[in-house]
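Visitor: When you get a sec, could you build the whole thing from the sequences and use the hints?
First to last, the sequence lines map onto chains D and S. Those letters in the first sequence? Residues 1 to 138, per our numbering, in order. Those letters in the second sequence? Residues 1 to 299, per our numbering, in order.
FYI, nobody ran anything at the bench for these hints, they're computed from the structure. Glycine included, every Cβ here is placed at the ideal spot set by N, Cα and C.
Just some of the chain D residues that point at chain S, by a computed CB distance under 10 Å: (1) Leu-27; (2) Asp-42; (3) Met-58.
Result set (SDA-like, lysine to any residue): computed pairs, CA atoms no more than 20 Å apart in a straight line: (4) Lys-64/D to Glu-34/D; (5) Lys-163/S to Leu-48/D; (6) Lys-215/S to Leu-48/D; (7) Lys-21/S to Gly-64/S; (8) Lys-46/S to Tyr-114/D; (9) Lys-113/D to Asp-69/S.
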Amino acid sequence: MNSKEKESFLDEACGKYGLNRDQFRELVFLEDDETVWVSNRDCLMHELRGFRLDSVGMFFARKKPKLELAVNAVQMFAAEAAKQIKLGRGKALEFIAGAAVAVKESDGVYVVKYGGDALDSGRVQGGLLKRTSKNSLI
Amino acid sequence: MEERFRALAEDADRLFEYSRKPLRKSIRVNTLKTGKTKLITALESKGFRLEQIPWTKEGFWVEGEGLGDTLEHFLGHYYIQEASSMIPPLELAPECGDLVLDAAAAPGGKTTHMASLMENTGCILANEPDSRRIKALKFNLGKLGVLNTLTSSVDFSKKIDYKSRFDRILLDAPCSCEGQFRKNPQALEQWSLHKIHRCSGLQKKMIENALSLLKVDGLLVYSTCTLAPEENEEVVDYALKNFNLKVEEIITPGFRRRRGVAEWGGRSYSSEVGKCARIHPQDNDSEGFFLAKLKKCGH
Numbered sequence: 001m002n003s004k005e006k007e008s009f010l011d012e013a014c015g016k017y018g019l020n021r022d023q024f025r026e027l028v029f030l031e032d033d034e035t036v037w038v039s040n041r042d043c044l045m046h047e048l049r050g051f052r053l054d055s056v057g058m059f060f061a062r063k064k065p066k067l068e069l070a071v072n073a074v075q076m077f078a079a080e081a082a083k084q085i086k087l088g089r090g091k092a093l094e095f096i097a098g099a100a101v102a103v104k105e106s107d108g109v110y111v112v113k114y115g116g117d118a119l120d121s122g123r124v125q126g127g128l129l130k131r132t133s134k135n136s137l138i
Numbered sequence: 001m002e003e004r005f006r007a008l009a010e011d012a013d014r015l016f017e018y019s020r021k022p023l024r025k026s027i028r029v030n031t032l033k034t035g036k037t038k039l040i041t042a043l044e045s046k047g048f049r050l051e052q053i054p055w056t057k058e059g060f061w062v063e064g065e066g067l068g069d070t071l072e073h074f075l076g077h078y079y080i081q082e083a084s085s086m087i088p089p090l091e092l093a094p095e096c097g098d099l100v101l102d103a104a105a106a107p108g109g110k111t112t113h114m115a116s117l118m119e120n121t122g123c124i125l126a127n128e129p130d131s132r133r134i135k136a137l138k139f140n141l142g143k144l145g146v147l148n149t150l151t152s153s154v155d156f157s158k159k160i161d162y163k164s165r166f167d168r169i170l171l172d173a174p175c176s177c178e179g180q181f182r183k184n185p186q187a188l189e190q191w192s193l194h195k196i197h198r199c200s201g202l203q204k205k206m207i208e209n210a211l212s213l214l215k216v217d218g219l220l221v222y223s224t225c226t227l228a229p230e231e232n233e234e235v236v237d238y239a240l241k242n243f244n245l246k247v248e249e250i251i252t253p254g255f256r257r258r259r260g261v262a263e264w265g266g267r268s269y270s271s272e273v274g275k276c277a278r279i280h281p282q283d284n285d286s287e288g289f290f291l292a293k294l295k296k297c298g299h
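Guide: So, in structure tokens, the structure goes:
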């Protein structure tokens with residue numbers, strides 16, 4: 001992504017999940033039609049043509065059908081997200097196992113945390129929280 | 001096989017004894033995502049007992065069941081990794097900003113270790129020719145929060161002619177896995193002299209190709225999890241005959257090691273191979289391992 005594309009992508013991602021934008025200043029994003037990857041700048045500074053590259057950096061998000069952060073990206077970048085739900089240990093384990101967990105928050109997408117750690121993103125609908133990014137694991 | 005092991009170790013009976021013992025479980029703290037104290041507290045609160053591995057401050061032997069089922073494992077706060085496998089990245093010691101090649105990277109234990117030593121800076125090219133194994137490699141890189149790595153699928157047994165030159169290269173070569181009998185009894189069933197010779201031929205091609213991509217004054221660490229000299233000292237000897245190299249002493253403290261063997265099967269190797277390190281299972285109650293550190297010299 002060039003800087004304009006990066007800013008536009010971050011508008012959407014940071015808006016949806018309440019991510020701190022500053023943490024991405026030194027990182028670069030790459031995209032194809034469906035996915036977005038994030039890496040440090042150094043990775044793009046070397047001439048590695050001919051190495052049959054398979055991936056660059058970390059899988060960050062799926063773009064279709066709508067933007068969805070990968071679980072690894074949530075864990076790495078979303079611990080300070082503005083839109084978050086904190087769970088206790090029991091509910092956290094149920095949540096990552098894929099179960100619907102009762103919460104008080106209103107409908108929407110949240111970063112789900114246990115202690116100081118972001119576990120994954122989740123969607124609240126009618127008082128039930130479920131993981132959104134199960135399919136984001138590569 | 002027994003004869004070979006007796007010729008390699010005066011304490012061969014202990015080698016056999018330890019090769020039959022179950023392997024101790026060990027983990028490496030992933031400093032890209034958490035701190036050591038925080039992880040120790042979390043695991044001890046779940047009833048795990050941790051013991052520091054003497055050669056790496058991020059490594060611990062762990063007693064307790066369910067190490068792969070904890071929240072901390074899900075979060076990528078630690079990687080379950082055999083204790084002796086933690087030595088090659090420490091010995092290669094990649095620095096922040098380096099361009100590093102991991103020539104046979106899957107499943108990614110050593111790659112992720114190097115990424116944390118480099119604090120996610122610089123660039124690691126993690127290469128894995130097997131497309132099934134590259135999936136596991138990418139999974140682990142993502143889970144452990146690695147941002148400084150590219151993956152590729154070059155076959156290092158074939159001639160490589162690229163312009164890139166790396167500061168450091170790790171070649172943890174595919175091998176006959178004699179050091180893994182404790183973890184993988186299949187390796188014992190599949191053992192044969194033919195396999196050792198086949199691996200040795202492959203390893204010579206791989207080290208030749210890897211060395212051609214190393215900068216002058218750059219470092220290459222060659223490692224295997226086997227004890228067969230044909231796959232270890234003989235490969236290093238081959239590299240010494242074909243490149244202008246210096247064998248560097250292995251300096252990581254805290255583990256018992258033996259010097260490389262200078263003669264085997266009627267062949268004599270360069271005396272330089274004495275600087276290589278052999279780790280037998282009975283030395284540190286770990287897997288068997290071999291490592292050599294080579295510095296490329298100018299013309």
